Every structure is written in structure tokens, then in C-alpha cells.
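Using the sequences and the hints given, assemble the complete structure.
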Amino acid sequence: MNCADIQEKMSLYIDDLLDAHDKQLVEEHLLQCKSCSLEYETLMANTEALKRIPEVPLPTGFKEELHTKLVAEQKKKKSKDWRSYTVIAAAVLIMVVSALQNQFFDHKNLTVDEAASEEEAPRTGSKWTLANDSQEKSMNNSAMFSVESAPESIEMDSMTEGIAMLSDDNAFETYEAQVTIKGDTLESAAAYFREYIIISSYYITMKVNEDEILLEVSPGGFDLLLDHVTAYSKVDSYNVNVISLTEQFDYTASEPDEDVSLKAIEDANIKGMNRNDSAEMQQESGDLPEEVIEDYIEQPIRNATIIIEVIE
Amino acid sequence: MSSEEKLLLKKAIKGDIESFERLIEKYQVKAYNIALRMMGNEEDAKDTLQDAWIKIYKSLKKFRQDSSFYTWIYRIVTNTCHDALKKRNRINQVTSLTDYSNSFEGEINDIKDEVHIPERIFENKEYTQLLLESLDKLSTDHKQIIILRDVQGFSYEEISQIMACSEGTVKSRLSRARIKLKEIISQDRSMEQI
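As you go down the protein sequences, you meet chains X and R in turn. Just add 318 to the spot in the first sequence (first one is 1) and you have the working numbering. Just add 15 to the spot in the second sequence (first one is 1) and you have the working numbering.
Derived from the structure by calculation, the hints contain no laboratory data. Be aware that one or more of the hints could be misleading.
Lysine-lysine pairs mimicking DSS-like chemistry, simulated, CA-CA at most 30 Å apart [as the list claims (entries may be wrong)]:
| id | chain 1 | residue 1 | chain 2 | residue 2 |
| --- | --- | --- | --- | --- |
| 1 | R | Lys101 | R | Lys70 |
| 2 | R | Lys186 | R | Lys152 |
| 3 | R | Lys186 | R | Lys101 |
| 4 | R | Lys77 | X | Lys396 |
| 5 | X | Lys394 | R | Lys61 |
| 6 | R | Lys102 | X | Lys394 |
| 7 | R | Lys26 | X | Lys398 |
| 8 | R | Lys41 | R | Lys29 |
| 9 | X | Lys327 | R | Lys152 |
| 10 | R | Lys70 | X | Lys393 |
All of these numbers come straight from a predicted model, not from anything done at the bench.
Encoded structure:
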């Protein structure tokens, strides 16, 4: 072993971490080489001196000062938490107020009530709802929305939640994502998304069908919502499509109740709509009158959707 | 972690200050001494360590219980000291000294001062003072590893966890740090003798 090799092993030799063979080689070299021996003595002396440096106690008052800082930190955190709680409470209050208002307008304006009772109002299986951006309410009793005002929506049943949102964006395209969740229940997945809906600054609707969850949001909120959805641990796969609205028109109407014809519902819907407001409907048979189609052309569907299939 | 510590940790995560203080009690002195040797003076050591404890208090949720609590704590303490030193502009890179890890060929010709070390010099208080002053002139990384190994007595494995590097890196870094410390001391002693 030459001096360079010894130098490399010196530190481990000082710490007694060499194997028996290398240790012997180092010791043999040190007996013969004055320079390396001096090097070793110096390094060893320094290490021993460092080990003997006495431990210093905590300064007087250290713990008390730390305690004061921890208390201040805790107060800061609580203050931040309260701000979050206030925002959530405000959102819930708005939802409740809008629900009460919708209930009030329901009796005044909804002609569909004349055709079907509230209990019979079409709700299951519907993916889209009529909406306008005035204070007047949707003809569909399963959810009611307004556009430009503060969010107004009510939860009509346990299957339809959230606040509807129709965008003021002038986008002529929107997005649709299909997401597959595996190994989870519908209720568990819905609970996860419900938490996000409450705190999101975008208006989002959630509808839960037999084996899927439908989330609807303005294109502006799509990216954030998709990020949150795909962050869910049980997501298996997803894909996103861009839908051009200048080429397609989607009209929607609720699935008719057994006792109420589709035509009757459409007529009722048209009567209740304000022509100056944006209207979103999905056409099933193309029977809607021209003025409705014209309205739609002016302000096409803007909501983005995320369709989540849940496989247990 | 003992079951008592786990319980204290659980409460501390929820914000219980008293539980946090009890949890860190047994690490306080060692942490302070690490900070003191890193920062070089009491005032800075006190402020930096308190900053580190606040960070630890806020980050308890992030502690993964599959690693040891004390190496996690000391990592945050040393990193906080590291940052504070940078801020204070006291990172002293020792320059103009040969890097022994790469350049050795044959005999050692680069030792500048072949001074015989008196026996038991490590018991000499003045020498210890010189040692501490020289320690302060090392780069932060070298200072940190000397403090953890030679002053505080952590094992190579513990040091690798605290510094978040491999044991191989610990070995080579420690070797270089010890050599550079020796050279600084030699230079300082030569200066004194002039």
C-alpha cells in the first residue's frame, strides 16, 4: 500500500471501521512511513479534541421563549383555519338561501308543476338540465340554476348536489373527460368529490346515477376539477376530449315521466324561458321551435363535464 | 419510537403544544449543541434552533414513521442552520489547499507544516479553542459532518440519514473534512508562530 492509499483509509482507520486485512496494512505502513504516521497523529489528536468538547446546556429562558413562539404559531394557524371555515360557511349559507328562493319561485313560475307533481318530476338518469341566466328557474325539478347571479341552487334529492354553473366565457369549445375508478364504491367516490365542490371557487354540479358520477363545471374550472378528480387514489384511467361548440348543438330535456309527454315538457320549458338569456338544452328529436334553436346558436353550451364510471 | 412518544406525536400533530414540548425534550440539548457549533455563537444558535423547532412543529404531519424521529429532527436542525449560515454570508470555502482525495501520487509532499504534535494535546484548552476557530472556517458541509461525527458521535449510518446522502458520501466527505481541518489548524498555528 502506498501513501495515497493510506490517506484514503486514514479516516476509517481512525474510526476503527476498516476490516482486519486493511487495518493490518495501514498499521504496517504507519510503522515505516514517518509522514503518514505524523498525518495520522495529527488527525487523531484533532478527533480526540473534538470529542472532548464539552456539551453546553440550553441557555436560560430558551424553553420559555420557544413556548411563546409556539403559542403564536398556533394562533396564526387557528386564524387561517377560521378564515377557511368562514368561506365554507358563507358558501353553505348562499346555497341555503338560493334553495329557499327557488322554492319560492317554484310555486310562482314553474308550469311543469302543472303537468307533473314534484314527486313525479323527472330526475333520475338526466344528465343535463335546462338553465338560464336570469332569476327564473329551470323547468326541471331535479335541480335549478342561475347563471350570472350568485350561485342559486337547491338540492332536490340525494342524487343531485352542488351548485350549477353556466359560464359567461365566450369559449366556443368545451371539454369532456371520461374517468374510470376501480375498487371503490359510488358513495365513497361521491363523498370525496362533494368535499371539493364545497370549497371550489367554481360552480360545480354533481349528479350520481347507478354506476357513474357526472360532474359539470365551466370550461374555466375544468382543469382544476380534473386535477382533483385524477388525484383520487382509485382512479384507474382517464381521457379528455375537446368538443367544438360551433359545429354541434346539444339540446337536452329531461327524460319524460310516464304520464307526461316529452312534447308537453318541451312546450312548458319554452314558455318559461327568457329569450334573452342563454339556454342550454339537449335535442333528442329536433322538434324544438326555431326560436329556441336560434337562442342556442347565440350562446352554445359551455359547461365542461367529467363522467366518472365507478367499478367496485 | 416508543409508544409514549407515538402518543405525544399524535397529540402534537393535532396542535397540542405541551405534547410537542415533551416530545422534543430529550433532543433539545444535543440539537442546541449542533446549532451552536454550526452557527459559532450562542445568539445565532438560539434563534436558529427555535426557528427549526417551529418548522418541526408545523411539519409533524410530514414525518414518516418508518424512519427514526431523531434523525428527522436533526436533519431539519442542520438544514435550518445551513440556510441561516448562507443568509449570514459565512460560508467559507477553504481554497488553495490540495484536494487530497484526487491528487495523491506516491509520498505525501503537500503537507505544509510537519509539526510534531505533543502528546495529549487534545486535553489542552488553548488547542481546543484553536480547533473550534478553525472548525468555523470550514465550508458548511465539512463543518456539519465534523460536528455530527466527531463532536456529537453519530454513526456513519445516522449521519447519512441526517444529511440525506449515502454512507459512501459520508466516508469520503468526512475524510476530506478532517484533512482540511488539519490544514487550517496548521496554517493558523504557523501564523501564530510568526
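Next on the checklist: Tell me if the straight-line CA distance from Lys394/X to Lys61/R falls inside 30 Å.
Outcome noted: Roughly 22 Å between the alpha carbons, so the hint for Lys394/X and Lys61/R holds.
Checklist entry - Is Lys41/R within 30 Å of Lys29/R, Cα to Cα? => result Status holds; Cα separation ~21 Å.
Checklist entry - If you draw a straight line from the CA of Lys102/R to the CA of Lys394/X, is it 30 Å or shorter? => result Measuring from Cα to Cα gives roughly 25 Å; hence the hint holds.
Checklist entry - Is it true that the CA of Lys186/R sits at most 30 Å from the CA of Lys152/R? => result holds (21 Å)
Next on the checklist: Next pair to validate is Lys186/R with Lys101/R; report whether the Cα-Cα distance is within 30 Å.
Outcome noted: holds (24 Å)
Item to check | Holds or violated: Lys26/R to Lys398/X, with C-alpha atoms at most 30 Å apart | outcome: holds (20 Å)
Item to check | Lys70/R paired with Lys393/X [C-alpha distance capped at 30 Å] | outcome: holds (15 Å)
Next on the checklist: Tell me if the straight-line CA distance from Lys101/R to Lys70/R falls inside 30 Å.
Outcome noted: Given that 30 Å is the threshold and the Cα spacing comes to 18 Å, the pair holds.
Checklist entry - Taking 30 Å as the top limit, are the C-alpha atoms of Lys327/X and Lys152/R close enough? => result holds (25 Å)
Item to check | Pair hint Lys77/R and Lys396/X, alpha-carbon separation not exceeding 30 Å | outcome: holds (19 Å)
When each numbered hint is compared with the structure, no violation occurs for any of them.
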